[in-house]
Amino acid sequence: METGNRPPEDYSVSFIRAVDVGLISRELAEKLKGSAGMRNILVHEYMDIDDEKVYNAIFLAAQDYNGYIKQADGFIDKLENKGK
2 METGNRPPED
12 YSVSFIRAVD
22 VGLISRELAE
32 KLKGSAGMRN
42 ILVHEYMDID
52 DEKVYNAIFL
62 AAQDYNGYIK
72 QADGFIDKLE
82 NKGK
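Using this note's numbering, the first residue of the sequence shown is number 2, and each one after it goes up by one.
Be aware that one or more of the hints could be misleading.
Claimed, not checked - Calculated pairs, SDA-like style, for lysine to any residue (alpha carbon to alpha carbon, straight line, at most 20 Å):
#  : residue 1 : residue 2
1  : 32        : 42
2  : 34        : 8
3  : 71        : 54
4  : 34        : 65
5  : 83        : 73
6  : 79        : 18
7  : 83        : 8
8  : 32        : 76
9  : 32        : 62
10 : 54        : 70
11 : 79        : 27
12 : 34        : 78
13 : 54        : 72
14 : 32        : 14
15 : 32        : 57
16 : 32        : 79
17 : 54        : 64
18 : 32        : 12
19 : 54        : 73
20 : 79        : 62
21 : 32        : 75
22 : 34        : 7
23 : 79        : 63
24 : 32        : 7
25 : 54        : 43
26 : 34        : 79
27 : 34        : 62
28 : 79        : 8
Simulated from the structure, these hints should not be mistaken for lab results.
Take the sequences, apply the hints, and build the full model.
Structure representation (structure tokens):
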């Protein structure tokens, strides 16, 4: 969906923008924002990586992103039904 807004400045903000357009709930966005920080740590090696924290975060992220997929799917269904 085109909103006419500028793209998000970073991954964390992208989740808040997803709330603004009704794609996901604010509660889910708050959970997912943390994964953006973890992504940056892993990709850019900002600090020493704690393997145990990463391992534990994987399971939480898997749950949260399953929720993201379900909410995004529901959003798309609404858009498709609106056009009928």
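### Message
Which constraints among the numbered hints does this structure fail? Numbers only, ascending.
### Response
3, 7, 10, 12, 13, 16, 19, 20, 23, 24, 26 and 28
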